[in-house]
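Between the sequences and the hints, there should be enough to build the whole structure, so can you do that?
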Amino acid sequence: MYAFILRRLLCLVPLLLAISFLAFCLTAASPSDPAEVALRVNDITPTPEVIEKTRQELGLDRPFFERYLAWLGKALQGDLGTSFVTHRPVARELARALPSTLALACVATLVVLGVGIPCAIVCFVREGRLADILVRALIFLGAATPTFWAGLLFIWLFAVHLNLLPTGGLEGASSFILPACTLALPSLATYTRLLRAGMLATGQQDFVLYARAQGRSPLAILLQIVRNSLQSTLAALGMTLPKLLAGTFVVECIFAWPGLGRLCVTAIFNRDLPVIQAYVVLMGLFFVLFNLFMEVAGALVDPRLSGRGSAGRKGKGRPDKSRPDTSMEDRA
Amino acid sequence: MLSRLTRRHNPLSFVSLILLLAMAFLCAGCQEDAGEKTPAAAKDSAQGPAQTSARAGRTLVYASTKDIRDINPHLYGGEMAAQGMVFESLVTNTTQGVQPCLATSWEISEDGTIYTFFLRKDVRFSDGTPFDAEAVRLNIEAVLANRLRHAWLDLVNEIDRCEVVDSHTVRLVLRHAYYPTLVELGMMRPFRFISPKCFVNGGTAGGVSGLAGTGPWILSEHRLGEYALFTANPGYWGEKPRIDSVRWKVVPDHQAIILGLQKGEIDLVFGSDGDMFSLDNFEALKAMDRFATAQSQPIASRAILVNAHQHFTKERAVRIALQYAVDRQAIVDGLLNGSETRADTLLSPEVLYCDVPLDIRSHDPAKAARLLDEAGWVMGADGVREKGGDKAVVRLAYNANNAQEKSIGEFLQANLKALGIEIRLLGEEKQAFLDRQKSGDFEMQYSLSWGTPYDPQSYVSSWRLPAHGDYQAQVGLERKEWLDGQITRLMTERDEQVRRDLYRDILTYVHNEGVYIPLSYSRTRAVFVKELSGVSFGLSQYEIPFEKMFFADKAR
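Chains A and B, in that order, are what the protein sequence lines are. Under the working numbering, think of the first position of the first sequence as 11, with each following residue one higher. Under the working numbering, think of the first position of the second sequence as 120, with each following residue one higher.
It should be emphasised that the hints constitute simulated quantities derived from the structure, not laboratory data. Treat each hint with caution, since some may be false.
Each computed DSS-like pair below joins lysine-lysine, with the alpha-carbon atoms no more than 25 Å apart [claimed, not checked]: (1) B/Lys-510 <-> B/Lys-525; (2) B/Lys-549 <-> A/Lys-63; (3) B/Lys-667 <-> B/Lys-240; (4) B/Lys-667 <-> B/Lys-405; (5) A/Lys-63 <-> B/Lys-557; (6) B/Lys-433 <-> B/Lys-486.
Predicted model only: the values in this text are computed from it and were never measured.
Printed below as a string of C-alpha cells:
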C-alpha cells in the first residue's frame, strides 16, 4: 500500500509541474502588459517611464523561462508572489480566503447529503407516483435555476421578506445557510438522481427478494438498499468538494462571502496576474489531491487496486478491466 | 458479503468526509480570530475598547462594491473616499473655491513660484504626533521621492523643494509658476498628510507601518474584502462627526446592495455613474417610502470619444455627422430619467474657464445624413452606408460592468442605424476596456471626465498622455501637436486672461473637430434610510462627507 501511495505521489510531480507551467503560460499569454496592469489597478497613469520601471521591478524584462523557473523556485518555498492590488503576499491572500470557501463547500456538501438522500428515498419509495414526480421536478427546477438568480431569490425571500437570515457576509453560523443552499442546488439534482437510480437498481437485486422472503421489515430492507446504493454516490461525492470549491465564484459575490471565489473574481477583473496564477495552481492541486485521496481510499478497501491483489498484479496497479463490478459481485 | 462490503466502504468515506468538515470548520473558526488588521487598525484598536464599542451604538453602515484596500495617502491603491476620511491636506477645494484646511492661510510670491503656508497649531495626528512644518516637509518629500508614480499630476513635477520656515510655517518652492497649485494641493491624493511615525525606511512609497492621519475618522478595524470600521477621531481639530462610527461594508453584487438596503442592514449607498446602482434601481428606491434619495449638482461630463485616427471616423465630416445624429435629449429623458442635464459641450459652461461660445449641434438626422452624403458615404442596399467598398461600421467600446454604459450604447446603436451606420457594441471588462483605450483600437469609446476639482486643468492635462483614450482619439487630428503645446503652455501661464484665451482655443478646437460627442453632465447619487440626515456631496465625485451625517432618531 505504501508503495502504491508513493507511486501515485511521484506521478503527481510532473502533473503539478504541468499545471504550474500552464498557469504561468496562461497569464503570460494575457493580452495586457502585466506592468501596465499593475499600474492601472493602482490608478497610476502608465507613462513609458513608469512602465519601464515597473517591468524591472516585476522582473518582466527577463526571458520567459527564466521568469517561470524563478517563480517556480519561489513557489516551492511558499512564495507565490505579491498581489498587484493589495501588495500583500499572494500565499497570505489565499490562506486568508481558503478557510471561508472550504467551510462553505463543506456545508454545501452536507446540504447535498442532508437533502439529497431523503429526496432520493422518497423518489424510490414512491417511484412513478406523484411524490416521485414532484420531488424530481423540484430538483430539476433547482438545478436549472441559474445560481445568481437563485441566490438573489433566497436573499429576497429569507432575508428581506421573512427577515430570518442575513443577506450576506460571514458573521456567524446563520450566514452559512443561504450561500450553502445556493451552492448546493446544482449538485443536489445530480446526487438525488444518482442515488435514486442506484436504489432502483439495487432494489432489483436477488438479496432484496431474499430479505423479503425472510420476512424482514420493509424499513430494514430499505436501509439496506440505501446503504448499498450510497457507495457509488459517496465515491462521486469525493470529487464534488473540489468542484464546489472551484465553483463558488457567483455565490461568494452575491453573498459577499470573503472566500477564494471572490478573491479570484476580483483578481480577474483587476488582472491581478499573480493571484490568478496561484489560484489556478491551487485549484489544480485540489483536484489532483482529492483524486489521489479517492484512489487511496479505494485501494484501501479493495487491495486489487493497489497492486496487492491478484488482479492488481496482472494490471500493475491499474484496475483490471476483466474484473467484474465489485458491488454486483458482492451483492450476488 | 453485502454487510462486509458496506462496512468496508461507507465508514471510510464517511470518516473522510467528517474529517474534512471538521477541518473546514476549524479553519473558519481560526479565521474569525485572525482578522486581518491594517497596522494602523491594530495600533488604533489597542487604544481601548471605548472606540470599538461604538459599533454597538450609532454606527452608519455604508455599502460599497469595493473594499477600501490600502489607503496609504501617497499611493493609489485605496478608495479615495476612505483616504479622505482619515487624511487631510493643506487646503480644501469647495464650491467657494480653495479654502483653508491644515493651513490657515498662505502667501504667493510675486513670480508665483513660492507658496508660504501658515499651519494650524492645534493639530495632532491620531497617533499623538504633532502636525507641524517638519511633518509637512517629510510628507511632501515622501511624495516627491516617488515622482514617477505621480506623473499624471503636473504639480509633482513642478515642486522643486519644501522648506521649513519655522515650526508652523512651510515654504513650497516651484520650478515655474503653476496656476493650479492650490487646487492640486487640495486633491484627495497625493498631497495629504500621514504621521511621519508611520513612514517605512524614511518614506511611504514602499508602504507604511500605520495609518494615522489628522482627519475626522480613524480606521480602527479592517477585514480585507469584508468591512472597514472608521471611528470618530476624538482629538479632531475641526467640527467633530456626529455619528460614532462608519462601517464600510463590502458587498460586491449591485442587487445584493439593494436587498441589504431593503432589509435594513445598510444605511447608505453612495455612488456616481452607475458604479453602485443603475438609474432604474435608483428610481425604484426613490419611489419607496422607506428611503430618502439625493443627487449632487452636475459634477462630471459624460461623452463618447470619436477616434480621429480610425478609418471611418478620421473624416471630420463623419465625426460632425455623428454629433448631429445622436439624440442627447432622448438619452437624458429616456435612459437617465431626466436626472442629468443634457450636455451640448464637452465641459459644462459652469466649470471654471469653460464658458466658451461654441456652436451647439442639436439632434438633426437630416443634416447628419446630408453631411455623410456629401462626404461620399452613400446608403447601401443593406441599409448600411458605404464608400469605395468600405462599410460605415464603428465599434463602440464600454466597460461591461457599468450599469448605464450598455444602455447608452444600445440607444446610440439605434440612433445611428437609422442613419445607415452600424455600431458594434464591445462590452468588455475594465482592464480589456483600458487596454483598448490605450491602443486606440476603437472608433468610439465611452468617456467620463474626472469631474470637479480635476476639471478642467487635470483632465485637459491628461490629454497629452498616450495611455488615455482622449490622446488616442485626438492623435489623428491635424493640429494635435499644437493642441498638446497649448495645454503645456496653459499649465504654467500666469496671466489670467491669456489662460482663459488658451482654454478657449483648446476647447474650441476639440469641439470643432468633433472628437467628443457630449451626452450629459453626470451627478453623484445617494440612497439612504430616512433617519439619516446631513447627507450631502463634496466637490469631487470621489468623496463622501460622512462627518456631516447624523441620525435624526437618537433612539436608533
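Quiz item: If you check each hint against the structure, which ones fail?
Solution: none
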